[in-house]
Amino acid sequence: VVAAPPRPNKARKNLRRPRCDSGDDMIFIDDESMPIINGTGSEDYFLGAWDFGGRDTPVPFAHLYSGAPFMSSPERTGGRYCLYRWHADNPVTFTRYLRHTMEHGHGNHRADNYYSCCYWYQTEPHMEFPALPPVEKRIPVLQKVAGPGSAQG
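For the sequence shown, this note's numbering begins at 5 and goes up steadily by one.
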């Protein structure tokens with residue numbers, strides 16, 4: 005989901021996607037081939053275990069370090085979630101590189117649209133950041149998806 009250059013203290017992750025099925029979260033630091041953190045699923049990562057408060061009707065919530073303040077039609081495929089998680093109380097530190105991934109369902113068997121944003125505290129000095137892609141390549145484009153959990157699959 006995110007790859008960042010050196011020394012940030014990962015502070016926030018904002019994720020929006022249809023239907024929230026458990027996809028394991030994994031955080032890799034520096035040159036490690038195995039994740040230093042391998043979580044149990046997106047609901048747990050955003051501290052909203054057990055389908056965000058209810059199987060039939062998830063309940064929006066907003067806390068200091070995590071939340072799911074907006075859910076649109078969460079009871080069906082195509083619903084949307086806005087989720088956040090701050091790592092101020094448990095920072096993920098690294099020296100050269102951080103990569104945070106989230107599976108699409110168990111073992112990436114789903115085809116969902118994810119959008120994310122990551123913020124961090126940058127220390128100085130730091131390596132030069134790579135150039136950003138052109139604007140048209142940075143704007144998320146909703147794609148029709150097929151597979152388990154989708155209207156097409």
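Simulated from the structure, these hints should not be mistaken for lab results.
Misleading hints may appear alongside valid ones.
[Stated by the list, open to error] Simulated restraints on C-beta separations: (1) 129 x 63: 43 to 51 Å; (2) 42 x 83: 36 to 44 Å; (3) 77 x 126: 18 to 26 Å; (4) 76 x 128: 16 to 24 Å; (5) 144 x 103: 13 to 21 Å; (6) 76 x 36: 21 to 29 Å; (7) 123 x 99: 31 to 39 Å.
These numbers were taken from a predicted model, which means no experiment stands behind them.
In this text, a Cβ means the ideal position worked out from N, Cα and C, and glycines have one as well.
Results of checking the hints against the structure:
1. For residue 129 paired with residue 63, a C-beta distance near 45 Å keeps the hint of 43 to 51 Å intact.
2. Against the hinted window of 36 to 44 Å, the Cβ-Cβ separation of residue 42 and residue 83 comes to about 27 Å, which falls outside the hint.
3. Judged by the Cβ atoms, the range 18 to 26 Å given for residue 77 and residue 126 is violated: they are separated by roughly 38 Å.
4. Between residue 76 and residue 128 the CB atoms are about 41 Å apart, so this pair departs from the stated range of 16 to 24 Å.
5. Between residue 144 and residue 103 the beta carbons are some 19 Å apart, a value that agrees with the proposed interval 13 to 21 Å.
6. As the Cβ distance of residue 76 to residue 36 is approximately 37 Å, the hint placing it in 21 to 29 Å is violated.
7. Distance hint for residue 123 and residue 99: a CB-CB separation of about 19 Å, inconsistent with the stated range 31 to 39 Å.
Hint violations for this structure: numbers 2, 3, 4, 6 and 7, all remaining hints satisfied.
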